[in-house]
Amino acid sequence: MSTLTIDNIHTYYGNIHALRGISLKIEKGEIVTLIGGNGAGKTTTLRTISGLLKPREGNISLDGEDLLKYPAHEVVYKGVSMVPEGRGVFARLTVLENLEMGAFSRKSKEELNHNLEKMFTLFPRLKERRTQTAGTLSGGEQQMLATGRALMANPTVLLMDEPSMGLAPVLVELIFDIIKKINEDGTTILLVEQNALMALSIANRGYVLQTGEITLTDTAQNLKNNPMVQKAYLGME
Amino acid sequence: MMRTSFSERLTDWAVNGFLWGFRILIVLIVVIGTFLTISSGKYTNEQWIDFIVSGISQGSIYALIALGYTMVYGILRMINFAHGEIFMTGAFSGYFFATWLTSTGFMNTNPYIGLTFSIIFAMLISASIAMLVEKIAYRPLRGASRLVPLISAIGVSFFLQYAFRGFFGPGVYAYPSIDALDGDWNIFGIEILKVKIIVVVSAFLMMAILYYVVMFTKMGKAMRAVSENKDVASLMGIDVNRVIVTTFALGAAMAGAAGVLYALIFRQVSFYMGIVPGVKAFTAAVLGGIGNIPGAMVGGLVLGILESVGPALFLESIGIDRPYQLKDAIAYIMLVMILLFRPSGILGERVSKKA
Ligand SMILES: Nc1ncnc2c1ncn2[C@@H]1O[C@H](COP(=O)(O)OP(=O)(O)O)[C@@H](O)[C@H]1O
Ligand SMILES: [Mg+2]
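Protein chains in written order, with my numbering: chain A, 1 to 237; chain B, 1001 to 1355.
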């Protein structure tokens, strides 16, 4: 059974036709990556799934339930969380408050505390800095915070928008290890990346997005060996 | 090319020269005036304390109103120019409620409970009106450029003034006097009017409650999250519209309470009573750094004290006749000065250009 189904989505910014009929299928437990150059429409795709943008055409469903009928703040209750591009931490809130906001959709105090413990185990750095405002964190720490915050909602599907952006190579490795771990713990992941090599190395399958259209889809292994992909996204000749 | 840049430089110098002259003039007035007044010994210590107490009670009212400006600005980057009228609706609601309680005799037997109920009633009415205003006059304009909701706010301001004028007439209503609240209390050997103390205590209590709500409750944290980033806040599951309307309601509740406290001191209400305190409180919010909640509280108190102490301290000795008539001018000069010299206010961060 398929978890998240995106079917023939057309999203516009005013008159700009940003997504031209995109279809994706993400099965339960998978890591699927969406790769593409700058301006291809990766962020737009994730924002459409999370409800921040409404498509003019198409369907999005999670386990058969239509997601498009929900505004963004209700989509998270359905089990879809997003780590936004540029991390989007609340700079003036403390680390702890950011994590609490992540669990806004969770009603019970026990669940909140349980999830906090989980996040502090996953990201010990955040525990050390929990009373600091998020604006004082380094880029890597902010990425951990944004990820932890999204996980606080106990999502079944996690959407991640360029988690490696602007991070030093060591940190990129660390973040990708964490993504793998989150997935092993049972969360389905849709990973958007410009760092295609890293993304394909942890993903099961991938889609290639070009100017608002899916031009290619295959297993991650096959995409890595595909000459077109190697040339365009992996910087190989 | 050279000539335009030369003339540009010339205007730059002229503007800078004027600004510096203005700054120096104000500093001179303050320093010389203060020196002359203190050395002339015209006022006794009791009188100074009285000025300061009046300033704190007036300032705490400004602070309560300023909170609404600053909270709405923080969340929508919009100046809610109708906020002074929300304050006025609070004073009116409090008036009718207090008059009714007085006519039943309840007010004079239980003055504190009666006053508390009047304040709560005013808060509820003001909050309800503000919620309606947000829904009708601001929410549909949310996506428009910043000037558009500002103009709508000015329209709402006139609408509320003339609606109240229409319902209750252009006259001034005298607040019922509560006998138990007349007279003085002796605090550390100083006689202070009871109402002033009641005003200060109620205002500080209310500000403490608001601060607690904003800092420590789930809704307060959501308000701060929304003020930073609405999209990301909604990704958390926060209903941004609900948070915005709650912000309006909280700010309006503070202004409504301020309306009752104001009427407690000045003993009268009228449809235009919101204008001047509204501008003063806006000044206080800017003074403290618009968008900054502790800043609004500090700004209100500073403005209240300066207004109260300023005429006697700065102006009287430099030969200004009847300096109290310049009380309002102090507030407006301060507004201009802050906007010119420190737009971020006392506690504000530097206003960022990228937002
Ligand atoms: N807010 C916006 N308004 C107008 N056009 C936009 C906006 N955001 C993105 N676009 C356009 O939509 C296209 C896809 O953008 P985006 O989804 O951000 O790409 P990616 O994330 O793959 O870099 C680009 O052509 C971009 O210019
Ligand atoms: Mg992007």
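A couple of the hints might just be wrong.
Claimed, not checked - The list that follows gives simulated cross-link-like pairs (lysine-lysine, BS3-like), each with its CA atoms no further than 30 Å apart:
no.: 1; chain 1: B; residue 1: K1230; chain 2: B; residue 2: K1135
no.: 2; chain 1: B; residue 1: K1230; chain 2: A; residue 2: K109
no.: 3; chain 1: B; residue 1: K1230; chain 2: A; residue 2: K54
no.: 4; chain 1: B; residue 1: K1135; chain 2: A; residue 2: K78
no.: 5; chain 1: A; residue 1: K127; chain 2: A; residue 2: K109
no.: 6; chain 1: A; residue 1: K25; chain 2: A; residue 2: K127
no.: 7; chain 1: B; residue 1: K1218; chain 2: A; residue 2: K107
no.: 8; chain 1: A; residue 1: K118; chain 2: B; residue 2: K1218
no.: 9; chain 1: A; residue 1: K78; chain 2: A; residue 2: K25
no.: 10; chain 1: A; residue 1: K107; chain 2: A; residue 2: K78
no.: 11; chain 1: A; residue 1: K28; chain 2: A; residue 2: K224
no.: 12; chain 1: A; residue 1: K127; chain 2: B; residue 2: K1218
no.: 13; chain 1: A; residue 1: K54; chain 2: B; residue 2: K1218
no.: 14; chain 1: A; residue 1: K127; chain 2: A; residue 2: K107
no.: 15; chain 1: A; residue 1: K231; chain 2: A; residue 2: K180
no.: 16; chain 1: A; residue 1: K78; chain 2: B; residue 2: K1196
no.: 17; chain 1: B; residue 1: K1327; chain 2: A; residue 2: K107
no.: 18; chain 1: B; residue 1: K1135; chain 2: A; residue 2: K54
no.: 19; chain 1: A; residue 1: K118; chain 2: A; residue 2: K54
no.: 20; chain 1: A; residue 1: K25; chain 2: B; residue 2: K1218
no.: 21; chain 1: A; residue 1: K224; chain 2: A; residue 2: K181
no.: 22; chain 1: A; residue 1: K127; chain 2: A; residue 2: K54
no.: 23; chain 1: A; residue 1: K118; chain 2: A; residue 2: K180
no.: 24; chain 1: A; residue 1: K54; chain 2: A; residue 2: K28
no.: 25; chain 1: A; residue 1: K78; chain 2: B; residue 2: K1218
no.: 26; chain 1: A; residue 1: K127; chain 2: B; residue 2: K1196
no.: 27; chain 1: A; residue 1: K78; chain 2: A; residue 2: K28
no.: 28; chain 1: A; residue 1: K69; chain 2: B; residue 2: K1327
no.: 29; chain 1: A; residue 1: K69; chain 2: A; residue 2: K127
no.: 30; chain 1: B; residue 1: K1218; chain 2: B; residue 2: K1135
no.: 31; chain 1: A; residue 1: K109; chain 2: B; residue 2: K1218
no.: 32; chain 1: A; residue 1: K180; chain 2: A; residue 2: K107
no.: 33; chain 1: A; residue 1: K69; chain 2: B; residue 2: K1230
no.: 34; chain 1: B; residue 1: K1042; chain 2: B; residue 2: K1230
no.: 35; chain 1: B; residue 1: K1230; chain 2: A; residue 2: K118
no.: 36; chain 1: A; residue 1: K69; chain 2: B; residue 2: K1218
no.: 37; chain 1: A; residue 1: K107; chain 2: B; residue 2: K1196
Claimed, not checked - A short list of chain B residues far from chain A (calculated; beta carbon distances all over 10 Å):
no.: 38; residue: V1015
no.: 39; residue: A1163
no.: 40; residue: I1187
Derived from the structure by calculation, the hints contain no laboratory data.
Ideal placement from N, C-alpha and C gives every residue a C-beta, glycine not left out.
Now for the hints, and whether the structure bears them out:
1. In summary, the hint linking K1230(B) to K1135(B) is supported, as the alpha carbons are separated by about 18 Å, within the 30 Å threshold.
2. Between K1230(B) and K109(A) the CA atoms are separated by roughly 25 Å; this keeps the pair inside 30 Å, and the hint holds.
3. With a CA separation close to 16 Å, the supplied pair K1230(B) and K54(A) stays within the 30 Å bound.
4. With a CA separation close to 28 Å, the supplied pair K1135(B) and K78(A) stays within the 30 Å bound.
5. Of the pairs offered as hints, the one joining K127(A) and K109(A) holds, with about 18 Å between alpha carbons and a cut-off of 30 Å not exceeded.
6. Taking the CA atoms of K25(A) and K127(A), the gap is near 36 Å; set against the 30 Å cutoff, the hint is violated.
7. Distance restraint check for K1218(B) and K107(A): the Cα-Cα separation of roughly 11 Å lies within the 30 Å cut-off, and the hinted pair is therefore satisfied.
8. A threshold of 30 Å between alpha carbons decides the hint, and for K118(A) with K1218(B) the separation of about 21 Å falls inside it, so the pair holds.
9. The hinted pair formed by K78(A) and K25(A) meets the criterion: a straight-line CA distance of about 17 Å does not exceed 30 Å.
10. A C-alpha spacing of about 14 Å is found between K107(A) and K78(A), which places the hinted pair at or below 30 Å, so the restraint holds.
11. For the given pair, K28(A) sits about 23 Å from K224(A) by alpha-carbon distance, which is consistent with the 30 Å threshold.
12. Of the pairs offered as hints, the one joining K127(A) and K1218(B) holds, with about 20 Å between alpha carbons and a cut-off of 30 Å not exceeded.
13. Of the supplied pair hints, the one linking K54(A) and K1218(B) holds, its CA atoms being roughly 28 Å apart against a limit of 30 Å.
14. Using a Cα cut-off of 30 Å, the hinted pair K127(A) and K107(A) holds, with the two alpha carbons roughly 22 Å apart.
15. Under the criterion of a C-alpha separation no larger than 30 Å, the hint pairing K231(A) with K180(A) is consistent with the structure, at around 26 Å.
16. Taken as a hint, the K78(A) and K1196(B) pair is broken in the structure, with Cα atoms around 53 Å apart against an allowance of 30 Å.
17. This hinted pair does not check out: K1327(B) and K107(A) have alpha carbons roughly 52 Å apart, beyond 30 Å.
18. Taken as a hint, the K1135(B) and K54(A) pair is honoured in the structure, with Cα atoms around 23 Å apart against an allowance of 30 Å.
19. Between K118(A) and K54(A) the alpha-carbon distance is near 33 Å, which puts this suggested pair outside the 30 Å criterion.
20. Restraint check: the Cα-Cα separation between K25(A) and K1218(B) comes to about 36 Å, which exceeds 30 Å; the hinted pair is violated.
21. This hinted pair checks out: K224(A) and K181(A) have alpha carbons roughly 22 Å apart, not beyond 30 Å.
22. With a CA separation close to 37 Å, the supplied pair K127(A) and K54(A) exceeds the 30 Å bound.
23. For the given pair, K118(A) sits about 16 Å from K180(A) by alpha-carbon distance, which is consistent with the 30 Å threshold.
24. Note on K54(A) and K28(A): the hinted pairing holds, with a Cα-Cα distance of about 24 Å set against a maximum of 30 Å.
25. A threshold of 30 Å between alpha carbons decides the hint, and for K78(A) with K1218(B) the separation of about 21 Å falls inside it, so the pair holds.
26. Pair hint K127(A) plus K1196(B) does not hold up; C-alpha atoms about 47 Å apart against a cutoff of 30 Å.
27. For the proposed pair K78(A) and K28(A), the alpha carbon gap of about 15 Å is at most 30 Å, so the pair holds.
28. In summary, the hint linking K69(A) to K1327(B) is not supported, as the alpha carbons are separated by about 57 Å, beyond the 30 Å threshold.
29. A distance of roughly 37 Å separates the Cα atoms of K69(A) and K127(A); the hinted pair therefore is violated under the 30 Å criterion.
30. With a CA separation close to 23 Å, the supplied pair K1218(B) and K1135(B) stays within the 30 Å bound.
31. Restraint check for K109(A) and K1218(B): satisfied, since their Cα atoms lie roughly 12 Å apart, inside the 30 Å limit.
32. At roughly 28 Å between alpha-carbon atoms, K180(A) and K107(A) fall within 30 Å of each other, so this suggested pair holds.
33. Taking the CA atoms of K69(A) and K1230(B), the gap is about 20 Å. The hint holds against a cut of 30 Å.
34. Our distance criterion of 30 Å between C-alpha atoms is broken by K1042(B) and K1230(B), whose separation comes to about 56 Å.
35. For the suggested pair K1230(B) and K118(A), the alpha carbons sit about 27 Å apart, so the restraint of at most 30 Å is met.
36. Only pairs whose Cα atoms come within 30 Å are accepted, and K69(A) paired with K1218(B) is accepted, the gap being roughly 26 Å.
37. Between K107(A) and K1196(B), the direct Cα distance comes to roughly 43 Å. Violation of the 30 Å bound is thereby established for this hinted pair.
38. Listed as outside the interface, V1015(B) is consistent with that label: its C-beta sits roughly 34 Å from the nearest C-beta of chain A, beyond the 10 Å cut-off.
39. With a least beta-carbon separation of about 33 Å from chain A, A1163(B) lies farther than 10 Å from that chain, consistent with its non-interface assignment.
40. Taking the minimum C-beta to C-beta distance to chain A, about 38 Å, the non-interface status of I1187(B) holds against the 10 Å cut.
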